[in-house]
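S.K.: Sequence:
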Amino acid sequence: MFQGMNYVYEVYKEGSFSKAAKNLYISQPALSAYIKKIETDLGVPLFDRSTTPIHLTEPGEMYINAILQVKAIENNLEQYFQDIMNLKTGKVSIGGSNFFCSYVLPDIIAEFKKQQPGITVDLSEVNSLGLKEELMKETIDLGIECCSLDTKHFENHVIGRENIILAVPGNYKINDELIDYRLSFQDIADNKHLSPDFPSIQLNKFSNEPFIILKKGNDMYTRSMKLCQKAGFVPKAAMYIDQLMTSYHIACKGMGIAFIRDSLVNHVNFNQDICFYKLADELSSRELVLIRKKNRYLSRSVDAFINSVTSFFSS
1 MFQGMNYVYE VYKEGSFSKA AKNLYISQPA LSAYIKKIET DLGVPLFDRS
51 TTPIHLTEPG EMYINAILQV KAIENNLEQY FQDIMNLKTG KVSIGGSNFF
101 CSYVLPDIIA EFKKQQPGIT VDLSEVNSLG LKEELMKETI DLGIECCSLD
151 TKHFENHVIG RENIILAVPG NYKINDELID YRLSFQDIAD NKHLSPDFPS
201 IQLNKFSNEP FIILKKGNDM YTRSMKLCQK AGFVPKAAMY IDQLMTSYHI
251 ACKGMGIAFI RDSLVNHVNF NQDICFYKLA DELSSRELVL IRKKNRYLSR
301 SVDAFINSVT SFFSS
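Just so you know, we're using full-length UniProt numbering here: the sequence shown kicks off at 1 and counts up by one.
Hints are computed from structural coordinates only; laboratory data are not their basis. Everything hinted at is true.
No more than 25 Å apart at the CA atoms, straight line, and that leaves these computed lysine-lysine pairs for DSS-like: (1) Lys132 - Lys215; (2) Lys215 - Lys137; (3) Lys71 - Lys91; (4) Lys132 - Lys13.
Using the sequences and the hints, build the whole thing.
M.R.: In C-alpha cells form, the structure reads like this:
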C-alpha cells in the first residue's frame with residue numbers, strides 16, 4: 001500500500017506535480033502516471049487536481065498521516081543505529097523563531113560543531129504555532145520558544161528568561177513627558193532596566209500612539225494584546241509584521257511603537273533615535289524554553305545538542 005509513498009509525499013509537500021518531479025529527478029508525466037496508478041490501486045483519489053496548488057482529498061489526508069507515522073518509525077530506527085556509531089555521525093533538527101534562528105542558535109551550533117563535527121544540524125524557522133505542528137509531526141527534534149507548550153504532548157525545559165520592553169521612536173513628543181522612565185539604548189545594553197529601583201511605565205500612557213504589532217501565531221502578539229487589554233485599551237495598529245526584528249527597525253524609522261525582547265539590543269547597531277521603557281506586568285517577563293515531543297526516542301546526537309544549549313544559556 002505504501003509503495004511509492006515518497007512520491008505521494010513529495011507532491012503533497014510541494015503542492016505541485018512539476019516541482020515534485022523536479023525534486024525526484026523524474027519527468028512530470030511519469031510522476032503523474034505513477035500517482036494515478038496508486039490512486040487506482042487504492043480505489044480513491046488522493047489529490048484534488050482542480051485547485052492550484054493541488055490539495056489533498058479526505059482519503060489523501062489519511063494517506064499522508066499514515067506516511068508521517070511510517071517516516072517517524074523509520075526516523076527512530078535510523079537514530080537508534082546512528083547511536084551505535086558513538087556520535088561519529090548523526091542528525092539534529094531544531095526549530096525556532098526568526099530571532100532565535102538568526103541571532104542565538106548560530107552561536108550554539110558553531111560551538112556544538114567544534115565538539116561534534118560529524119553531526120548535521122538542521123535549522124527551521126517557524127512561528128509559535130508552526131513550532132508546535134512540526135514537533136507533533138516529528139519533522140524537528142527540538143524547538144526553542146519563549147513559552148511552554150502543553151505538558152500532555154511536550155516536555156518543556158526552561159533554559160532562561162527574558163523581558164519584554166517598549167521601543168518608542170525618539171521623535172514622539174510623549175517621550176518628553178516621561179523622562180524619569182526613559183531608557184536609552186546603552187541603558188538596556190547595561191541591563192539598567194533590570195534594577196528593581198528603576199521605575200516601570202504604565203502602558204496606558206501610550207494608548208493614543210500607533211503600534212507595530214506582530215501577527216497572530218506569535219507569542220508576542222498574544223502577550224502584547226493582553227498587556228494593552230489589561231492597561232485598558234486596544235492598540236492602534238499601524239501595521240502587522242511577521243518578525244520581531246522587523247518591527248524594531250520600523251519603530252526606529254518613527255512609524256510606531258514596538259514590543260521587543262530586551263536581548264535584541266545585543267544584536268543590532270547602536271541607535272540613539274529610539275527610547276525604551278520598562279513594563280511592570282508579569283506578562284512582560286517570559287521563559288525561554290527548550291521543547292521536545294513526549295515519548296519520542298531521544299538520540300545521543302539530540303541529547304548532546306540539548307547539553308550544548310543548556311550550557312550556552314547557563315553561561
